[in-house]
Structure formats: C-alpha cells, structure tokens
Amino acid sequence: MAVGSEIVTKIVSVKSTRKVTTALEMVSASKIKKAQDQMHASRPYTSKIKQMIGHLAKATPEYKHPFMHDQDGARVGYIVISTDRGLCGGLNSGLFKNAVIHMREWQSKGKDIDVVTIGNKAASTFKKTKVNLKANISALGDKPELAKLIGVVKVMLDAYANGELSHVYLVYNDFINTMTQKPVVDQLLPLPATEDEEISDNWDYLYEPEAKDVLDQLMNRYIESLVYQGVLENLASEHAARMVAMKSASDNASDLIKDLQLIYNKARQAAITQEISEIVSGAAAV
Amino acid sequence: MSTIQCDIVSAEKAIYSGEVTMVIASGVAGELGIAPRHAPLITQLKPGQVRVLLADGGEEDFYVSGGILEVQPYMVSVLADTAVRADDIDEAAAIKAKEEAENLLRNNDKKQDLAMVQADLAKAMAQIQAISRLKKNLKR
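Chains as they are written, first to last, in the numbering used here: chain H, 431 to 716; chain S, 41 to 180.
Hints listed in this document are in silico derivations from the structure and should not be mistaken for laboratory results.
This list has only true hints and no planted wrong ones.
A partial selection of chain S residues facing chain H, derived with a Cβ cut-off under 7 Å: (1) Val49; (2) Lys53; (3) Leu144.
Listing some non-contacts, in silico: residues in chain H with all C-beta distances to chain S over 12 Å: (4) Asp500; (5) Ala504; (6) Gly519; (7) Gly593; (8) Asp604; (9) Ala697; (10) Thr703; (11) Glu708; (12) Ile709.
Glycine residues also receive a C-beta, built at the ideal position from the N, C-alpha and C atoms.
Construct all of the structure, not just a fragment, from the sequences and the given hints.
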C-alpha cells in the first residue's frame, strides 16, 4: 500500500542527516579532550617567557625593544584565528562580528587595517571586506605546529618593527568550557608594560652574546607563543562548538522524525479506516 | 649533593622538569655546564643536545633545535624551539604566507568552490540513491 510514501522518503532522508550529525558530534567529542590537553601543555612556556621578559626589561633599561614602546604607524594589524571548516554554530561569525566592530573603530579614526588570517573561514571572510589581507595560513589540522605559524606572525612583527603599524591585535575564541567560548580581541603590540615586583634591582644577568640579541629573540618567541596559544584555544573552541551544534542538530532531527512518524501513522490509519468503511458499505449494498 | 631545579619547555609541551645536579647545553658562545648556585645568566642556544645529570648518577639527553637558556641561582629553564630557526628560513615562511594571501585574492574562486562542492554533493547523492535502490530491490 502506497500511503504516505513521500512521508517515508522524508523520514529516511532526515534519518540519514541525523546519522551524519551524530557522527560529527562524536568525532568532536573525542577530539576536544586532546585539544584541551595541548592547550594546557603550551602554558608553561608562555608563562616562563613572560617572566623572563619581565626580568630583562628591568635589567637593561637602556635598550627598549621596539615592541615595548608605541609606534605611530598609519595602519593597524589584526591576526585573526578561525576554523578551517564550518558546521560549528555561530563560532566564526560571532568572532568576525567582534573583530569587524573593533576594526571599524580604528577605521573611523582614519587608520587602514591590515589582516593576516589563520584558517580558511577568516581568509574567505576578510578577503571580501575593506581590509588588506596580508598573509594567510590554513589547514593546520588537529595538531597545530608552531613552526607553521612563524611566517604569518613574522609578517605582522616586521611591519610593526618597521613602524608601519601602530597596534597589533590577536582575534580568537577563548575556550572557557565546553558550553562557553568567548570571542576576544587581545592587544599583542605594543606589549602592555609588565610589572614584576618580586625581583630587586640589584642584580643582572650575564648575557651571551648580547642582551639585545637575547631580548629580540625572546620577544619574537613570546609573540609567537601567544599566537600559538590562541590557535589552540580556538581549536578547542571549534570542537566544543561543533559538538554542541551537532548535538542540537541531532536532537532536532529526532524531533522531526517523531513528528513525521506521527503524521505517517495517522495517514495510514485514515486510509485503513476508509477502506474498511468502503468494504462495509459495499457489503451493505449487496 | 646539592641540586638545582631544571625545567625544559617548548611552546608545544613541557619536556622535562626535575631536580638535577648539572645541566650541560651548547650556547652560542660555547658549551655550558650549569651547576647549582650558578650566577644569573641568559644565553641563546645552538641546535644540539641538552644533557641533565641526575643526583643518582643517571643522565638524560634532549635534543633542542635552538632556544634560550636562563639561569637563576635556584633554577635553570630552557625554552626550546620546536623548529630549526634561522632568519632566512623565517623569511621564506613569511613570504609563503604572503603568497598564500595573494593567491586567495587573485583568483576569486568562490563560484568555483561552490561549483566543486555542488558537483561533489550531486555525486554523493546519486551514490546514496543508487545504494538505497539496490537495497530495495534486494528486499523484494
């Protein structure tokens, strides 16, 4: 009997969609733990290096690294970290909205905007807007390596050191927990002054080779590690957001299937009732 | 025997942490042996080994591809680089990242992308349909 065959087809297609969304949900759920571990693993480096910069800045007051004082460049730089793939709810769009609002503020002050992007989604968004897309790196995968970020970060750092940029910001999703990710726009450069109170001023390091060289290297590594940290936070956020988005998609699919099943059953029942009444009335007529 | 706290970290993970009697590393200005209560020192490292001597006479070796070593009287920290770093390699990476952006801007391949995705989707749909039809026929 061909009652409601179109409903059956619909049910089948929703079911297969649900299969996909559940699979995606489970994949993200399994990856999120690893992403979180990576995030935590990179923290000691950042805190160590920060501490060292604090010491060095104090120890060699005669040499001020360019990253530590304001530049009066005509442009403002942004490093935007996004995901490579979609299907993660409003994670990227929320982030870009925040970034664009922040950029508008600078544009209204007459500054041009330079952007380097990490991840496909940011690249495809910002190439359509009125900003200069300077560099891009994507396909970092589930285990991002710092080595891959060196290029894009260097583009920004060089521009800042040459006095082209007045500020550099880092835009990414901060992973708070599985349910919450917060889009943030952090100022990378000039570095906010660090105050390290515990060390008295009466000592200094021995430097090999020169304080300036060491400080230069430290500064670059520090910025790179901050960007790397941002990439990891964003990765964890991506998996969390995708998990939640796919979970609700699966739930919606289940609801839809339930409703469709009900409609189908009703239609079938109606057809049977009609047939019986036809037979009965036919028998009565005989 | 007195010991000193040694931490070796890279941006990607913490590599080693523990009490050691000596840290041996190759700085840009030469080999270094750091014993407890060494004067505060900070140096760039060359690619090479970092060896730590343990209190029980054991020894552990790590390879670093450069980095920075910091000595405080009570601790040694090694900030290891995870990749081989040199100015020209960094420069090449920067140029590559720029080219990537230029490529993105040059070929406005939005439509092309869409067409490709649509073609893939159509193919997948056709496959699914064929499979489900096959299954139906088998049932009958």
